[in-house]
Each structure stands twice: as C-alpha cells, then as structure tokens.
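Asks: One-letter residues, chain by chain:
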Amino acid sequence: GAVVSQHPSRVICKSGTSVKIECRSLDFQATTMFWYRQFPKQSLMLMATSNEGSKATYEQGVEKDKFLINHASLTLSTLTVTSAHPEDSSFYICSARVDGTQKAFFGQGTRLTVV
Amino acid sequence: LAKTTQPISMDSYEGQEVNITCSHNNIATNDYITWYQQFPSQGPRFIIQGYKTKVTNEVASLFIPADRKSSTLSLPRVSLSDTAVYYCLVGGSIGANNLFFGTGTRLTVIP
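Sequences listed follow chains A and B, in order.
Residue 92 in this note's numbering is what sits at position 92 of the first sequence, and the numbering runs on without skipping anything.
Residue 41 in this note's numbering is what sits at position 41 of the second sequence, and the numbering runs on without skipping anything.
Next comes chain A alone, as it looks inside the complex (with noise of 0.2 Å):
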C-alpha cells in the first residue's frame, strides 16, 4: 500500500520557538497533501490543503501565518508552527492523495507538545 511518512512523531518546544514537521509520499506522487490536527477524544479538523508549487488553502480559521505550509515537491509537504504557544500544542497529522487517483494515505502524525 501507499505509505506517508511523517517527521518528527514527537516533539516538544519552548513558547516562542518554531517547529517544522515534514510529510513525504515514500511511494507515490502526490500534488495534494492535507494538514490536519486533532485534539484528545475528537475527530480530525482540517487545517488546510497544499498543493505542490502553489499557495496553501486554509480553512476558516486557521491563521496562514503561523502555521507556514511548503508544498515544493511532488512527495514532500512541510508544516511550521511558528512562534508556538501552549496552545498549539495538539496532535498533526498529514495525508497524501495519490496523484490520478481518489485514495490519501495518512501519516504516522506529530505529537507537539509546547511548554
């Protein structure tokens, strides 16, 4: 099957500091990626869709500039968290379309913790 990886699974961060966390096809091509986060005991909430060599669409909501989304290749999508707050901290979780195809895979997903 089709295989996202997603990295780091795990990280934690001073307030103020920025975090990057990548999400690669290993498999296939994916000019669509989707950037998610879900808090404990929800569903997944949709942060925004990147597509490659263009702008991300964020949902209602969710601020542009702080969470930095570069979609530069056909297999590799990353998300930066700047200037992270307590608040941000949350599950991330990236999911790659199969170019031509209906079908995403998901990541492994990121467990930020901001202290």
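Honestly, the hints are just simulated from the structure, not real lab data.
These numbers come from a predicted model, not from an experiment.
Take the hints with a grain of salt, since some may be wrong.
[Claimed, not checked] Only pairs whose alpha carbons sit at most 30 Å apart, straight line, appear in this in silico DSS-like list of lysine-lysine:
#	chain 1	residue 1	chain 2	residue 2
1	A	Lys55	A	Lys20
2	B	Lys3	A	Lys64
3	A	Lys41	A	Lys20
4	B	Lys3	B	Lys54
5	A	Lys41	B	Lys69
6	B	Lys3	A	Lys103
7	A	Lys103	A	Lys20
8	A	Lys20	B	Lys69
9	B	Lys54	A	Lys103
10	A	Lys55	A	Lys103
11	B	Lys69	B	Lys54
12	B	Lys52	B	Lys69
13	A	Lys55	A	Lys14
14	A	Lys66	A	Lys14
15	A	Lys66	B	Lys3
16	A	Lys41	A	Lys103
17	A	Lys64	A	Lys20
18	B	Lys69	B	Lys3
19	B	Lys54	A	Lys20
20	B	Lys69	A	Lys103
21	A	Lys66	A	Lys41
22	A	Lys66	A	Lys20
23	A	Lys66	A	Lys103
24	A	Lys55	B	Lys3
25	A	Lys64	A	Lys103
26	A	Lys66	A	Lys55
27	A	Lys14	A	Lys64
[Unchecked claim] Only part of the chain A face toward chain B is listed, based on derived beta-carbon distances under 8 Å:
#	residue
28	Gly16
29	Phe39
30	Ile93
31	Val98
32	Phe105
Note that beta-carbon positions come from the ideal geometry of N, C-alpha and C, so glycine has one too.
Put chain B on the given structure of chain A with help from the hints.
Replies: Only chain B this time, still in chain A's reference frame:
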C-alpha cells in the same frame, strides 16, 4: 460539501460481524466514499473505498445502495484489535480540497 452522519459508538463481541452505516444525503455525483480506521495517537488507516454497489477487500466490505445516500462498512468476525474509531468520508474528487472528517464511530470489541 457532503456531510456524513454515523453512530457515535458501537459495541460488539469478538467473532461477530459488525456493520457501521454512514448517511450522506447530499453526496455529489463525483464523490467517492472512503472509510478509515484510527487507533489512539496514530494517523488514520485507509480501509476501503467505493463509488457504488459493493466493494470487498481482504479486511472489509463496503455496501452502497443505488441512491448512494448511505453506505455500510462491514467488518467480518471482529477481534479485540479492531477496537478503534471508524470514519466515513465522502468526497476527495481530484482537484478539490474536501477531505473533511465527521465525528466517526467508536467501535469497542468485547471479549
């Protein structure tokens, strides 16, 4: 956007067949129906996808009636390791950013 409605939770005994139904009354013509499984602190895992009628793979079956306003995920002979949250998603058309999650169904398998 096609909104989905699923039962919040279900319980089942080991070895039984489990059917989880999802309602999606305003599904669009180009929309596919996809089911994912999620364990705590992990990303969702793709289970099955279909457009109409019946789809079967090594882990599940997906039944879609002719009007496509609902779908049923069938898990044969569940085990304790099938305890997870199951999500039904509708959409995913190429070029569209409509991969939204609903509340999901929390399945608990009882020994």
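Asks: If a hint holds in the structure, say so; if it does not, say that too.
Replies: Outcome of the hint check:
| no. | hint | in the structure |
| --- | --- | --- |
| 1 | Lys55(A) to Lys20(A) | 17 Å, holds |
| 2 | Lys3(B) to Lys64(A) | 25 Å, holds |
| 3 | Lys41(A) to Lys20(A) | 25 Å, holds |
| 4 | Lys3(B) to Lys54(B) | 21 Å, holds |
| 5 | Lys41(A) to Lys69(B) | 27 Å, holds |
| 6 | Lys3(B) to Lys103(A) | 18 Å, holds |
| 7 | Lys103(A) to Lys20(A) | 26 Å, holds |
| 8 | Lys20(A) to Lys69(B) | 40 Å, violated |
| 9 | Lys54(B) to Lys103(A) | 17 Å, holds |
| 10 | Lys55(A) to Lys103(A) | 22 Å, holds |
| 11 | Lys69(B) to Lys54(B) | 14 Å, holds |
| 12 | Lys52(B) to Lys69(B) | 10 Å, holds |
| 13 | Lys55(A) to Lys14(A) | 28 Å, holds |
| 14 | Lys66(A) to Lys14(A) | 15 Å, holds |
| 15 | Lys66(A) to Lys3(B) | 28 Å, holds |
| 16 | Lys41(A) to Lys103(A) | 25 Å, holds |
| 17 | Lys64(A) to Lys20(A) | 14 Å, holds |
| 18 | Lys69(B) to Lys3(B) | 11 Å, holds |
| 19 | Lys54(B) to Lys20(A) | 41 Å, violated |
| 20 | Lys69(B) to Lys103(A) | 20 Å, holds |
| 21 | Lys66(A) to Lys41(A) | 24 Å, holds |
| 22 | Lys66(A) to Lys20(A) | 12 Å, holds |
| 23 | Lys66(A) to Lys103(A) | 29 Å, holds |
| 24 | Lys55(A) to Lys3(B) | 26 Å, holds |
| 25 | Lys64(A) to Lys103(A) | 26 Å, holds |
| 26 | Lys66(A) to Lys55(A) | 14 Å, holds |
| 27 | Lys14(A) to Lys64(A) | 21 Å, holds |
| 28 | Gly16 | 26 Å, violated |
| 29 | Phe39 | 12 Å, violated |
| 30 | Ile93 | 5 Å, holds |
| 31 | Val98 | 10 Å, violated |
| 32 | Phe105 | 6 Å, holds |
Figure legend: structure checked against the earlier numbered hints; hints not met, in rising order: 8, 19, 28, 29 and 31.
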